[in-house]
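Engineer: Take a look at the letters that make up each chain.
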Amino acid sequence: MKSLVELRQLRSEIDNKQAAAQLNLKAKIIVGMGTCGIAAGAREIFEAIEEELQKGNSDAVLTRTGCIGMCEQEPLVDVQLPGGDRVTYGKVTKDDAIRIIREHVLGGAVVEDKAVARCITGKQQTGHELDQQARIPTYDDLDFYRKQYRIVLANCGRINPESIDQYIAVGGYEACAKALTMMSPEAVIAEVKGAGLRGRGGAGFPTGLKWELTRKTPSGKKYLICNADEGDPGAFMDRSLLEGDPHRIIEGMIIAAYAIGASEGYIYVRAEYPLAIRRLQIAIEQAKAYGFLGKDLFGSGFDFDLKIKKGAGAFVCGEETALMASIEGKRGMPRPKPPFPSVSGLWGRPTNINNVETFGSVPWIVKHGAEAYKAVGTEKSTGTKVFALTGKVKNTGLVEVPMGMTIREIIYDIGGGLDEGKELKAVQIGGPSGGCIPRDLLDLPIDYESLRDAGAMMGSGGMVVMDNSTCMVDVARFFLKFTQSESCGKCTPCREGTKRMLEILDRICSGEGREGDIELLEELGNHICHTSLCQLGGSAPNPVLSTIKYFRHEYEAHIKDKRCLANVCAGMGGAYVIDQQTCIGCGLCARVCPTGAVSGERKQPHVISEQLCLSCGACAQKCPVSAIVQA
Amino acid sequence: MSKITITIDNQQIQVENGITVLEAAREAGIEIPTLCYHPDLSLAGSCRVCMVEDINSHRLLASCVTPVTDGMQISTRSAAARRARKLNVELLLANHPNDCLGCGRSGSCELQKLAADMGIDRKGVDRFAGQKRKRAVVDQGYSLKRDPNKCILCGRCVRVCEEVQGVMALDFAGRGFDAIVTTAFDLPYSEINCAECGQCSVVCPVGAITEISEIDRVWAALDDPDKFVVVQTAPSIQVSIGEEFGLEPGTIVTGKLIAALKRLGFDKVFSTEFSADLTILEEGYEFINKITNSQKLPHITSCCPGWVKFAECNYPDLLDYLSTAKSPQQMFSTIVKTYYARQIGVDPASIFTVSVMPCTAKKFEKARAEHRDSGFQDTDAVLTTRELARMIKELGLDFINLEDAEYDQIMGEVSGAATIFGTTGGVTEAALRTVKEVLAGEGLDRLDLGLMGTREAQVEIAGRTYNVAVVSGLSNAAKLLDEIRAGESKYDWIEVMACPHGCIGGGGQPIPGSFDTKARRAKGLANIDQAKQIRKSHQNPDVIRLYEEFLGEPLGSISHELLHTSYQARDVR
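Sequence lines, in order, name chains L and S. Start counting the first sequence at 1; every next residue gets the next number (the numbering used here). Start counting the second sequence at 1001; every next residue gets the next number (the numbering used here).
These aren't lab readings, by the way, just hints derived from the structure by calculation. Careful: at least some of the hints might be erroneous.
[Claimed, not checked] If you want the footprint, here are the derived chain S segments under chain L, 3+ residues with CB under 8 Å:
#1 1044-1058
#2 1062-1076
#3 1169-1179
#4 1318-1327
Each residue gets a CB set at the ideal place from its N, CA and C atoms; glycine is no exception.
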């Protein structure tokens, strides 16, 4: 591969091939095979379809794609008949799959009751199918997609991640060709700086500036690292991107390597992401075969080689200095900065580390220019951000939104709000390093500064929606338990301090909280934030501090009244009682009570024995009419 | 390096660009407390006890790892800085046994001192009370004991073992609150690469790594009327033990040391310098043999047991290069239980030999199966300098004002050559004094090679020039060994001491032992040597008599049987 022209030629060859395939009038079936799809049973569906196609003697092409983001609807199967629209089916069972093959692929009639959306690709639709398709919403009709702005995720769920041709067919590697053949490294850096791109790993350091610092450090050898050690509980943005569009990351890395002058790169990805690793391996091999990796890329004289390094699953290895220690074969422990990696990184050489999503944004910026990118998002936080939307929200999944969108828009417009009768209490943003944002702040725009000022952080992009059945003290405890056990143990405040905070939270949650515990948590929390060696410790207390800030009354209720307002913390306070007027006598409470404290006739109000009640609250959580409260 | 201006506690100072805030503060005479920091080791920045405040940004900084920047304004005394330092010490105390009364490091413990200096009271000690680390104390083996419950994870032991010794016997394991310093697979020291040098015990700020004490065994022997207890003291003890009693490092207290030992009840008191002279004769003639018979070189010394174990673990293919001469400690004990017992008419079975060593590896050496040439275990007990000081303190002796006493006869004479055994380069200089005189009939000018790392010299003896290397610190030694393995060594003679700067910096020496302290101890030994009338081993009259009456000649058959040993390859992880 020597030039953009050559790449464009290749692209048109691929286009022609695909058009020819289209003319061959073959139906295409595409199964969503990201980890989310596979977990929901996509592999069995894939096999069932394969079998059914053989039975039906069909020559339809069966292929796979990555996560399109609608995790709620997995397993997803797309069908595209020659000339027709690409129709997406959701929550497909084996039986559904067989039906879809028989009715749609072989019979030509869309299975309307399973269709979720369609992608307009049809050119020559006629008759019945056209009418039928018109009744199915397009992707842009869906609330879930309408408000999204897909730059990084553009290809996820659309192309086969194991096919470099499909990536090239949608314009892949053109940005890299442009950068290497038409731009100087300084110009690439200027473009990224101009675009205002900031690190998507959470801290939001300006990417172009980081590149510039690394470029300016003189050294015979420099390294580029992609941090794919995504470890936040509930976060799966990087995984989905690597599984769904690995070439985009590789392309972003080639551009970055060229800009800083790195000849060797590593993708540090956790071993718990086997599918991402496999697809990356395939993608790297393909990129090498096509001449996108290796020597003298695009005739520029620039060499770049890429390796995958599997992480052993320590959360702290997401911290850049610990990550580098891990690559070097040492125990993954952070070291003090300065020196920063841009001066002394991997094996003491200048090293640039960016997150997966950051690299994922780069090809678009180079291709479309800084101005186009800056037009998306806010002044200080440009572009888009991918979030993993989870928790008590209807449409869980992967969403990419312009910066500056409010939390409310994401949860209600894209996420479809909460289930009927549930009330939003808080949104946890940024995983174990982030914080809980209360309902009052739902109109907060998503950008680095607003989130930080609210006591949360962008983090890698986890967004967990919580309703009234969530105890905020318990949530804080959950996250702190995670960081506490994932602390590397090197520095005193993180190792010893988080343990003490956890002990205090444990006792608050078991009804043994003491006067002064909240203040002690605040003192310790602030101390750990300000004196820890790395940002794992530096942000570990955030979930605690932010819940104290916004939900102090819940802490006080636990400590003073021995009550958990969400009925989550077991064993708190006095016995539970059933309101005789409200009780409908369904008996659910009696069935879940571990000590048999509940008695009563069917359809008659029940009662709880004060002597036998453990105050576990299991009954109150089950009661469909909220008749059970703590005395 | 250019100078920049910074302000610390309102004091404007000019400092070298590139140094840390801690170094700048100390230059300005401002003390900032530290714990994981150690001047001889790399920076960790892990304990967070040296926090100071950047006045401009109000950020708290770990001063030991923060480089100075021009115009920086630092407060070491702001409320935020003081609170942060204190809180981190309180957090360490919350996971520490706080049983100072039962701890061997009480008085020399840095955590104890910090807590006292910061005025942390009972309330401060207890305010974060909760779960504490509960691990078994590791005390298998002979030399070192690890109490993980006292460990504060400062990592100094890990760093000294890796950076100075190149052994890497210790590292961190586990995460979060379960993090711990341990050996590979939690194996005992005997089954790993550990050289038992004890440098970890010297740098440990608390009582987490200490020598395995033999004080009780020694007291029991002293209390036993049927035991004839003979003690030897290594050359370096006389210039270091004074520190335990408030004297300056390097103060020569030979006479008081002897007096104290007699007051403790030892039946006979000798110096290991006597057998160091013996070692020089045996090893010197061994070298003469090698060079006159053109045997393979380099000749490598073997008097340091930490080095010997290191070689056995890591360079088993090079053991043939090591001198077969026993160490002075082992020669002495063997001679006591053979020649000396006969001379004074005491049953060797009733003799209990104690040696006072600057070293923990000597405890391991005495227990080696080879060292039973007298028919008994040659050395019965080894005390470190620190242990002996404790025994003296137990009796409440006024050490500084003791009246000087002298070594007992008939092995009481020592040469200045033997004295300098206690410092790196000393063995080489002592040996070459004798070798040159035997081969060429002329004296040797002082080599005085200094104390640091690897040093080399060319020595002319009888018309031939010999390349001599002196090395201390095992990671330095490993480089020379690698050269031999690669067939690229240019040396004829290599002296290796496991501990940096030799025995004066040994793992059993008083704590703390900075470079400055060690240099002053070395000066003390050099002064003794210079003041001595006999400065060559082969001129020691007691040694000459020993050969006449008992051994015959160096490398003779009795010598071969009693004064030489063998080594074994060790299969360790």
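Engineer: If a hint holds in the structure, say so; if it does not, say that too.
Structural biologist: Hint by hint, here is what the structure shows:
For the region 1044-1058 of chain S, the proposed coverage by chain L is satisfied: 7 residues have a C-beta within less than 8 Å of a C-beta in that chain, meeting the threshold of three. For the region 1062-1076 of chain S, the proposed coverage by chain L is satisfied: 4 residues have a C-beta within less than 8 Å of a C-beta in that chain, meeting the threshold of three. As drawn, the region 1169-1179 of chain S meets chain L at 8 residues by the rule of a beta-carbon pair under 8 Å; at three or more, the given contact holds. Under a criterion of three residues with beta carbons nearer than 8 Å to beta carbons of chain L, the stated coverage of the region 1318-1327 of chain S fails, only 0 such residues being counted.
In summary, the structure is inconsistent with hint 4 from the numbered list given earlier, while agreeing with all the others.
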